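Protein chains: 2
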Amino acid sequence: METGVRLSQSLNVGFIGLGIMGKPMARNLLNAGFEVAVWNRTASRMDELVNEGARASGSPQEAAQGKDIVITIVTDSPDVEAVVLGEQGIIHGAKPGAVVVDMSTISPEVTRSIAERLKERGIDMLDAPVSGGDKGAIEGTLSIMVGGEESVFERAMPVFRAMGKTITHVGPNGAGQTVKLCNQITGALNILAVSEAVVFAAKSGVDLSKMLQAIGGGAASSWMVQNLGPRMVKGDFEPGFMVKLQQKDLRLALEAARDMHLPLPAASLVHQLFAAVEAEGMGDKGTQALVTALERLGNVEARQEN
Amino acid sequence: METGVRLSQSLNVGFIGLGIMGKPMARNLLNAGFEVAVWNRTASRMDELVNEGARASGSPQEAAQGKDIVITIVTDSPDVEAVVLGEQGIIHGAKPGAVVVDMSTISPEVTRSIAERLKERGIDMLDAPVSGGDKGAIEGTLSIMVGGEESVFERAMPVFRAMGKTITHVGPNGAGQTVKLCNQITGALNILAVSEAVVFAAKSGVDLSKMLQAIGGGAASSWMVQNLGPRMVKGDFEPGFMVKLQQKDLRLALEAARDMHLPLPAASLVHQLFAAVEAEGMGDKGTQALVTALERLGNVEARQEN
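Chains as they are written, first to last, in the working numbering: chain R, 1 to 306; chain D, 1 to 306.
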């Protein structure tokens, strides 16, 4: 990729939330030639991007003024409500016809209610949560699951292409969040699957690496077996994806399920087991630390140095 | 592959158990040039292979006489005990220095006790359970997880190569069965992961195929998402791998875990949920039918015709 030469883009963009994910995503927009105004609660996190050509804003409202697309990527439902609907929120700055693209992972229900509030002002919304981690954010290879009207989705495609690789329109507002929660349920249970296999092998006295290798190529294979299995047995609990964020997403899924009267027995179980990991002060560790809860339950150490 | 020309092999083989897996495996041995004597409880299942060059035997004992390798692939621990140690069992026919290769999925503990009994007569044993289903058995691409002495493993390699592709020596006697049970725990929980995602999406009103497509490429991906997910949402419950056999394997895993005082909360949960599938008379269906238990719990239909 050539640096120094930027194609100018016709859409201008506001970008709210420069965390581990947001910062590299905003950078990819700058590198793709978009004009980007940024805002972050901790203002100092804006400095680096300002040096790279972004404009700093004093509020979400200011970052939204005159923009075609306003992106938010913050932690939880109340954070999105605050930056979109709160005092000095996006809704007070964005022009009619603008698109608010929320790339946080939040409640599908809250998403639909925010979309309605924006619609009253003539502002469109897409929910567009991502998966792929900070690595995907840096490399611009995120998977983006998008809910909202098809025509609005098409208008936002140029910004999605600058940040992601697999971009799927999955349904109306809220559907992006629902699919993201499906992703989080499935991923968390796949980690639990590996964790139980690992402690079973360890307590049986079997070589853990050979076990992971043997099961990683067939019908039991998963991204988690292949990527987190080896870290688990080495005792490498660096995140990856933090336990406390996995817990937030499982909470969102279980709350949505509860509201629909849908029992999710395994998602509920893994949420409890991750609570045991948090109880040991490991909420900032990677999700592969789930194995430690199973190790304590079974009084077994599942480690292997090779 | 040329037909009509068979390389002759120096090892001669006894083969006990011509079920869905055993029959094509024995055929691959014949096609690779091994002399094969077969035995099956239902004698008529031997006819086809006899026409292809196998020799029919009147008992496991007779099938084992004078053989270098005697393979067993039957259903459960008591079946292996019967054909190896019972009246007219292999132990009464096999010569000292022969190798009994049990390719069934059975208890690691029972495996170790059979191996000891054989060892007293100078007969070696390998536990060598397989994964890859009838497709892998037919195509000779099975994964084979082998427990036993390294030198014995080497002696049996020519027969493994005729039946499988990924052949891994994982440890001493019983280790092959342990790793196979790790595979079954992980696979079953990966199916449960997909099932909960599918009912969550269905109850939320989201397109199921788009959801599976969106989650199938990232950190939540698994063989089960990609292969059984689409069958689940089509309501295609043909086996694949039957619920009742999955239940047998989970029972073996949970019994072994119980004997070791190892809690496996998720494996236990999925065993209960598969019991609900059996309660509906679907034990002969494929494991993807697990979704029906979650559907009943949540009073939701997770089907989509496209």
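Keep in mind the hints are simulated off the structure, nothing from the lab. Check each hint, because a few of them may be wrong.
Given that identical chains are not distinguished, each listed pair holds provided it fits within a single copy or across any two copies.
Stated by the list, open to error - Taking lysine to any residue and the SDA-like style, the derived pairs with C-alpha atoms no more than 20 Å apart in a straight line are:
{"id": "1", "residue 1": "Lys165", "residue 2": "Gln213"}
{"id": "2", "residue 1": "Lys210", "residue 2": "Thr168"}
{"id": "3", "residue 1": "Lys234", "residue 2": "Asp76"}
{"id": "4", "residue 1": "Lys119", "residue 2": "Lys248"}
{"id": "5", "residue 1": "Lys165", "residue 2": "Lys210"}
{"id": "6", "residue 1": "Lys210", "residue 2": "Thr141"}
{"id": "7", "residue 1": "Lys210", "residue 2": "Glu154"}
{"id": "8", "residue 1": "Lys135", "residue 2": "Asp207"}
{"id": "9", "residue 1": "Lys119", "residue 2": "His92"}
Since the structure is predicted, the reported quantities are computational estimates derived from the model, not experimental observations.
Hints, verified against the model:
no.: 1; hint: Lys165 <-> Gln213; in the structure: between (29 Å within a copy, 14 Å between copies)
no.: 2; hint: Lys210 <-> Thr168; in the structure: between (37 Å within a copy, 8 Å between copies)
no.: 3; hint: Lys234 <-> Asp76; in the structure: neither (32 Å within a copy, 34 Å between copies)
no.: 4; hint: Lys119 <-> Lys248; in the structure: neither (28 Å within a copy, 55 Å between copies)
no.: 5; hint: Lys165 <-> Lys210; in the structure: between (34 Å within a copy, 16 Å between copies)
no.: 6; hint: Lys210 <-> Thr141; in the structure: between (31 Å within a copy, 19 Å between copies)
no.: 7; hint: Lys210 <-> Glu154; in the structure: between (47 Å within a copy, 17 Å between copies)
no.: 8; hint: Lys135 <-> Asp207; in the structure: neither (31 Å within a copy, 28 Å between copies)
no.: 9; hint: Lys119 <-> His92; in the structure: within (13 Å within a copy, 82 Å between copies)
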